[in-house]
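Dock chains B and C against chain A, hints included.
Residue numbers (this note's numbering), protein chains in the order written: chain A, 1 to 397; chain B, 1 to 302; chain C, 1 to 373.
Don't read these hints as lab results, they were simulated from the structure.
Below, a sample of chain B positions facing chain C; criterion: calculated Cβ distance under 7 Å: (1) Leu9; (2) Gly12; (3) Arg16; (4) Ile19; (5) Phe127; (6) Thr148; (7) Gln223; (8) Gly267; (9) Asp272; (10) Asp275.
Note that the coordinates shown come from a computational prediction; the quantities given were computed from them, not determined experimentally.
Just so you know, even glycine gets a beta-carbon here, dropped at the ideal spot from N, CA and C.
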Amino acid sequence: MTAKQELKKSIIASVWFMFLTFPIMVIKVNTVTHTIDWRWHNMALVGIGSFFLSMLWRYLLKKKEEGGKKDKKAGLSFIQRLLQEKQFALPGILIITLITILFPHIFSMYQTNIMTSALIFVVLGLGLNIVIGLAGLLVLGYAAFFAVGAYSYALLNLHYGVGFWIALPIGGILAALFGILLGYPVLRLRGDYLAIVTLGFGEIIRLVLENWNEFSFGPSGIKNIPKPGFFGIEMSMQTTTIYVFYIVVLLVVFTIFVINRLKNSRIGRAWVALKDDEIASQAMGIDKAKTKLRAFALGATWAGMAGVVFAAKTTFINPASFTLWESVIILCTVVLGGMGSIAGVIAGALLLILLPEYMRDFGEFRMITFGAVLILMMIFRPGGMIEDVRKTYKFEK
Amino acid sequence: MDFEYFTQLFFGGLTRGSIYALIALGYTMVYGIIELINFAHGEIYMIGAFTGLIVSTVLTMMGMPTLAVVVLAGMAAIIYSCAYGYTMEKIAYKPLRNAPRLSVLISAIGMSLFLQNYVLLAQTSDFLPFPSLVPEFEFWEPYSHILTSPELMILSTTVVVMILLTILIKFTRIGKAMRATSQDKMMAALLGINVDQVISATFVVGSATAAIGGVLIASHIGQINFYMGFIAGIKAFVAAVLGGIGSIPGAVLGALVLGWTESFFTGYISSDYEDVFAFIFLVVILIFRPSGILGRSQIQKV
Amino acid sequence: MKKRCKWLAVITVSLFTLAFVGSAIAGDTIKLGIAGAHSGDLASYGLPTVNAAKLVVKKINESGGVLGKQVELLIEDDVCKPEVAGNTATKLVSDGVNVVIGHICSGATKSALGIYKNSNIITISPSATSPDLTLSGEYPNFFRTIAHDAVQAQVQAKYALEVLKVKTVAILHDKGDYGKGQAELAQKYFTEAGVKVVLFEGVTPGAVDYSAIVTKVKSKKPELVIWGGYHPEASKIVTLMRKKKMKTTFMGGDGIKDDTFIKVGGQFTEGVYATGPRDISKNALAIQAKKEHQDAYGSDPGAFYDNAYSATLAILNAIQKAGSTDYAAVVKALQTEDVETPLGKIKFDTKGDATGIGFSVYKIEKGAFVEQK
Numbered sequence: 001m002t003a004k005q006e007l008k009k010s011i012i013a014s015v016w017f018m019f020l021t022f023p024i025m026v027i028k029v030n031t032v033t034h035t036i037d038w039r040w041h042n043m044a045l046v047g048i049g050s051f052f053l054s055m056l057w058r059y060l061l062k063k064k065e066e067g068g069k070k071d072k073k074a075g076l077s078f079i080q081r082l083l084q085e086k087q088f089a090l091p092g093i094l095i096i097t098l099i100t101i102l103f104p105h106i107f108s109m110y111q112t113n114i115m116t117s118a119l120i121f122v123v124l125g126l127g128l129n130i131v132i133g134l135a136g137l138l139v140l141g142y143a144a145f146f147a148v149g150a151y152s153y154a155l156l157n158l159h160y161g162v163g164f165w166i167a168l169p170i171g172g173i174l175a176a177l178f179g180i181l182l183g184y185p186v187l188r189l190r191g192d193y194l195a196i197v198t199l200g201f202g203e204i205i206r207l208v209l210e211n212w213n214e215f216s217f218g219p220s221g222i223k224n225i226p227k228p229g230f231f232g233i234e235m236s237m238q239t240t241t242i243y244v245f246y247i248v249v250l251l252v253v254f255t256i257f258v259i260n261r262l263k264n265s266r267i268g269r270a271w272v273a274l275k276d277d278e279i280a281s282q283a284m285g286i287d288k289a290k291t292k293l294r295a296f297a298l299g300a301t302w303a304g305m306a307g308v309v310f311a312a313k314t315t316f317i318n319p320a321s322f323t324l325w326e327s328v329i330i331l332c333t334v335v336l337g338g339m340g341s342i343a344g345v346i347a348g349a350l351l352l353i354l355l356p357e358y359m360r361d362f363g364e365f366r367m368i369t370f371g372a373v374l375i376l377m378m379i380f381r382p383g384g385m386i387e388d389v390r391k392t393y394k395f396e397k
Numbered sequence: 001m002d003f004e005y006f007t008q009l010f011f012g013g014l015t016r017g018s019i020y021a022l023i024a025l026g027y028t029m030v031y032g033i034i035e036l037i038n039f040a041h042g043e044i045y046m047i048g049a050f051t052g053l054i055v056s057t058v059l060t061m062m063g064m065p066t067l068a069v070v071v072l073a074g075m076a077a078i079i080y081s082c083a084y085g086y087t088m089e090k091i092a093y094k095p096l097r098n099a100p101r102l103s104v105l106i107s108a109i110g111m112s113l114f115l116q117n118y119v120l121l122a123q124t125s126d127f128l129p130f131p132s133l134v135p136e137f138e139f140w141e142p143y144s145h146i147l148t149s150p151e152l153m154i155l156s157t158t159v160v161v162m163i164l165l166t167i168l169i170k171f172t173r174i175g176k177a178m179r180a181t182s183q184d185k186m187m188a189a190l191l192g193i194n195v196d197q198v199i200s201a202t203f204v205v206g207s208a209t210a211a212i213g214g215v216l217i218a219s220h221i222g223q224i225n226f227y228m229g230f231i232a233g234i235k236a237f238v239a240a241v242l243g244g245i246g247s248i249p250g251a252v253l254g255a256l257v258l259g260w261t262e263s264f265f266t267g268y269i270s271s272d273y274e275d276v277f278a279f280i281f282l283v284v285i286l287i288f289r290p291s292g293i294l295g296r297s298q299i300q301k302v
Numbered sequence: 001m002k003k004r005c006k007w008l009a010v011i012t013v014s015l016f017t018l019a020f021v022g023s024a025i026a027g028d029t030i031k032l033g034i035a036g037a038h039s040g041d042l043a044s045y046g047l048p049t050v051n052a053a054k055l056v057v058k059k060i061n062e063s064g065g066v067l068g069k070q071v072e073l074l075i076e077d078d079v080c081k082p083e084v085a086g087n088t089a090t091k092l093v094s095d096g097v098n099v100v101i102g103h104i105c106s107g108a109t110k111s112a113l114g115i116y117k118n119s120n121i122i123t124i125s126p127s128a129t130s131p132d133l134t135l136s137g138e139y140p141n142f143f144r145t146i147a148h149d150a151v152q153a154q155v156q157a158k159y160a161l162e163v164l165k166v167k168t169v170a171i172l173h174d175k176g177d178y179g180k181g182q183a184e185l186a187q188k189y190f191t192e193a194g195v196k197v198v199l200f201e202g203v204t205p206g207a208v209d210y211s212a213i214v215t216k217v218k219s220k221k222p223e224l225v226i227w228g229g230y231h232p233e234a235s236k237i238v239t240l241m242r243k244k245k246m247k248t249t250f251m252g253g254d255g256i257k258d259d260t261f262i263k264v265g266g267q268f269t270e271g272v273y274a275t276g277p278r279d280i281s282k283n284a285l286a287i288q289a290k291k292e293h294q295d296a297y298g299s300d301p302g303a304f305y306d307n308a309y310s311a312t313l314a315i316l317n318a319i320q321k322a323g324s325t326d327y328a329a330v331v332k333a334l335q336t337e338d339v340e341t342p343l344g345k346i347k348f349d350t351k352g353d354a355t356g357i358g359f360s361v362y363k364i365e366k367g368a369f370v371e372q373k
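Pulled out of the complex, with its shape left as it was, chain A reads as follows (with noise of 0.2 Å):
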């Protein structure tokens, strides 16, 4: 392609782009005072922009385009490279260890209060993980499990005083009933309408904590919920933090061994084969319904306890933070991470958390550039940042 074709197709896109942008950028109407305000400069700042982007972007496709042909074989990328590497292994275990337990004691409050969110998503996008990367279920709702383990904290330490550490496996389990509960009618759903009922399953549960009172106190939430207590000793707000923050890391350090155990297990490796051909598996003898429903349960188990852990470093809950939204970030963690992979998920929740949180200096721009970072991401990373590397079997005589 010659120069002078790249010219032509560059200042197309930028006519096109002035054209589109032109009532929503350039015009601004006061509907009180009837007076429109021109702002021309916004025209010509997109022609410009849009003229030198579109010659970035081609030449982006193109060579997305021949590394596709090029090293469809040799495709593992540098990290997946390092995470195979067993001679690694110890020293990046020993140095992520010392990073985690020093990590609150080198930076304020604030960063680690930022952390444990971060954090308490990567234990959610774990879960999701379950369910969508193992299994293949589009679950839409997931935060409706997460709300399932928070209420659960919240209400049961409300009327019988229940401590944290009693509330976290009853959140999960609370949880995994629910997702059972879910699992069971939608077994014959594929999809996007499982995606569908499941969103709808969200609201649902969202809406009732919403409406119903006399059980869940309404949008005004519940207020006071204890802190994670330590052997009973009194703790000042920093020592609190700090120990709820090592408590997520605990969580998180359980999820991943839980997880690694589950892939390659015998349940982990039926929701491969099912998640890949559902007939094929059920002919292998796998009972699908079993199989799923252990995918939803398992899921849904780990939403509940990261609940409590919420319920329990927030001190105050209300229906606002269990909305569709919440459950779409989870769903993009998971996706943007790498499906199925376990440090892509990890990479993509503490990415997509605290992305935003540190983008506060691009003030109103924040969420734009997100929004623009999730689609640049898709195009130029199908597969998400670190893609799972199947387990392959060779076949030796």
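Chains B and C only, in chain A's frame:
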């Protein structure tokens, strides 16, 4: 039961259902062809409403007669929505044609966020008053409080759009190409159909109906803001699934059923649990008909 | 894993001891803490308070301070989040504040108040309107210079009964924290006043249209519709009501007493009632406070500015009158000494609410809110 009350709820539900239908059509058409839940479709509806407002205000200030303003603003809204739909497909979905389906979904979510915030930044976060494009007119006097003139306008426009769309899909060249592509993309391509063009056309047509819905509802409730597309989009999506996603008559039927469900539930029971009921209804329908009311049941192949 | 647990224990214990060692050292200034949202989405509600306190303190310091001591401001951000507010409060207490102006949001205030109460620190909020902050009697250290939400519902009920003379009312809300709370209070006070509540329902914010609920309201034939929530939904509902030729009176709270409501609803909002803080635009001190802000910052003051200005004046006046920063003495001074503020002459009742401030009823006439006497 009071018959007048019933008819009012009936027509209220019908109006609401018509709006859902106009948005749901875009969802279902796009889904029928590339199996993508276009999360950003609600934003197209919002952009249509915004363009309509901006153009109509500018034209009114220039002193155009009302009829000309309505026609021109409506046309501008449709043209711009189509342009946005087209561009959106080219940027966010086309490069992902062979990617995993969930990646496209995330890209759509990103697009939705981007467009919302684009309008927020370029225009305003406030609610803006939207002029009544349809002048209030008196008709059929003793019954006009049952069905107001804007509601009548919405209903008749929806009917016209449906008829036009049916003609487009059934009898035109591009309509036939769309049907062929949705049945088998590979086969359609082999038969000489330009699949990329068909997909673009689908986005354009879907965006046009959404824009019509956006302008109609904005002029009915009298205000718009950048967030209006999100909830309407979700509801329309539910309607499309209820009717059987991918099926055009299904989307209309699903939308009307959803509109009536909400309206009657609010009217006879309580609006507190309006949405809860709508979703429970959806779940029940899908349990008995897993592919929606009019959806083709998917044949599983080994 | 075991190793980490040990580490955890060691660190927890060592930090624990550190917290005790670092006790506060009293200085020779009066430390005034300012806590509220200074960043994030709700910053526009918190920053005017900071400006107000700065202006008042500057003026007082220039004229010799309080009890001969200079007043020092300690400004801490809580982003209006309950979990952060606890941290903020702890920080202020450990820095040795004498009194606190704040917090801004009710939720954040609740989570911070326990900490102040344990340390005997008086807290005075310019904007937290949740009724049980004062009415529950749980926080004797809490005062505020804004009327709580229940007052608003009482004003609405009284006006509806005495002026509008209604016998039936329909109450709608937007299912949100603020809206539903308001609606519930309205329900309580209207029932107490003997008005029949024929409908109490929430609508879904952002729904495509509200014709079903409007039809329902119409069939119940109430004489008045009370709205709990913000203005966007309210204007949609009013517009639809008027389009359906319903002439029922519509009344809302301070959530709709916003010029945007009139702007968006246009002609349909004519005759709508709204309750809002009493009009103080003719108060000499309020005019002066506004002018000070314009001189210092070159812009008009924001939300709760007058309330914050008054809170700062009231607390510094109380310390002056009490002769010390002693908890009991200052509380007594707050409750007994009248002080001139932009909100008028105020003091505080035993629960902590300011007397002499409150809500008025406004009616939209010719596209503007007109106070009803």
